[in-house]
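Chemist: Residues per chain, in single letters:
Protein chains: 2
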Amino acid sequence: MDDEMGLRPIGFLSTPWHSLKECPRNGRQPKPAPVCQATVRPEYRDGLLRVEGFSHLILLYWLGPVATPEMRFTPPFAAEPAGLFATRGPKRPNPIGLSVVAFDGFAAEGVLNVRYLDCLDGTVLLDIKPYLRSVDCEAEASMGWLANHATPRE
Amino acid sequence: MDDEMGLRPIGFLSTPWHSLKECPRNGRQPKPAPVCQATVRPEYRDGLLRVEGFSHLILLYWLGPVATPEMRFTPPFAAEPAGLFATRGPKRPNPIGLSVVAFDGFAAEGVLNVRYLDCLDGTVLLDIKPYLRSVDCEAEASMGWLANHATPRE
Chain A
1 MDDEMGLRPI
11 GFLSTPWHSL
21 KECPRNGRQP
31 KPAPVCQATV
41 RPEYRDGLLR
51 VEGFSHLILL
61 YWLGPVATPE
71 MRFTPPFAAE
81 PAGLFATRGP
91 KRPNPIGLSV
101 VAFDGFAAEG
111 VLNVRYLDCL
121 DGTVLLDIKP
131 YLRSVDCEAE
141 ASMGWLANHA
151 TPRE
Chain B
155 MDDEMGLRPI
165 GFLSTPWHSL
175 KECPRNGRQP
185 KPAPVCQATV
195 RPEYRDGLLR
205 VEGFSHLILL
215 YWLGPVATPE
225 MRFTPPFAAE
235 PAGLFATRGP
245 KRPNPIGLSV
255 VAFDGFAAEG
265 VLNVRYLDCL
275 DGTVLLDIKP
285 YLRSVDCEAE
295 ASMGWLANHA
305 TPRE
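In the order they appear, the protein sequences are chains A and B.
Numbered by the working numbering, the letters in the first sequence go through residues 1 to 154 in order.
Numbered by the working numbering, the letters in the second sequence go through residues 155 to 308 in order.
Derived from the structure by calculation, the hints contain no laboratory data.
We put the beta carbon where it would ideally sit given N, CA and C, even for glycine.
Be aware that a few hints might be false.
To be verified - On the chain B side, residues computed to face chain A include the following (Cβ under 7 Å):
#1 H210
#2 M225
#3 G237
#4 L238
Unchecked claim - So these bits of chain A aren't anywhere near chain B, every CB distance computed over 10 Å:
#5 P16
#6 W17
#7 S19
#8 E22
#9 P30
#10 K31
#11 V35
#12 T39
#13 P76
#14 F106
#15 A108
#16 V111
#17 D121
Could you build all of it, start to finish, from the sequences and the hints given here?
Modeler: What follows is the structure, encoded as structure tokens:
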């Protein structure tokens with residue numbers, strides 16, 4: 001089973017950040033959020049048909065490789081450790097990053113302008129999904145131990 | 155790069171659906187949504203510390219293997235084809251499924267009760283992330299060509 005679960009890059013992300021130290025804590029922290037690009041490889045561009053009507057997308061990307069996942073850790077802003085699955089930290093058993101981004105249209109064929117990324121320039125893109133408020137939006141969701149650390153919205 | 159991007163199961167999902175035909179179109183379609191389980195392997199259970207305060211989680215899981223991704227397809231409810239990246243269909247270059255689920259607490263150690271899954275019983279679990287309304291919620295997002303096909307909320 002494990003051997004079958006290999007991933008293939010479908011493109012890459014262009015962001016202003018070239019080291020982990022520069023990366024913001026999350027994509028909503030920089031105000032205003034810079035416009036970044038998601039470039040889709042030519043062989044996958046057919047998959048972009050009718051993407052243009054969505055104001056927001058979900059991007060999945062590769063954060064790894066991770067030698068040893070850190071199952072508990074203390075984020076810089078916290079006093080006590082939390083389980084990895086109670087955080088969005090990168091050292092995960094499967095280091096797949098997820099961002100809900102605003103989609104600002106195409107910069108060129110196969111190149112999407114997006115806002116609210118927080119990852120390194122050159123990050124490998126794995127998937128683009130349409131954001132569907134009918135199933136993805138939980139405005140009243142409680143944020144557990146992160147409630148006091150939430151990034152304020154604009 | 156490709157070779158390094160291997161995934162490891164962190165657990166599995168238990169749902170009422172044993173064939174693709176039985177699976178609902180999305181996790182919000184069954185009303186009421188059945189309570190499903192996400193079982194985390196013992197070696198990853200340390201990562202669940204402080205998950206209990208979150209009302210909602212994001213689950214990533216493996217939909218594959220997919221021999222050939224279908225870059226354009228026509229969903230059952232649609233008249234015309236759409237690009238794969240404008241859909242949540244399963245035949246993706248990287249077949250990673252994503253569901254925002256309600257978290258109803260632990261059924262046993264390492265076993266989470268969740269609602270709003272739509273996948274097959276036994277699906278491989280890849281990641282659990284806390285749902286953060288501060289970065290994941292877009293209540294006004296426009297749904298493009300899927301706007302007229304949205305599943306109504308309860």
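Chemist: Checked against the structure, which of the hints given earlier come out wrong?
Modeler: No hint contradicted; all consistent.
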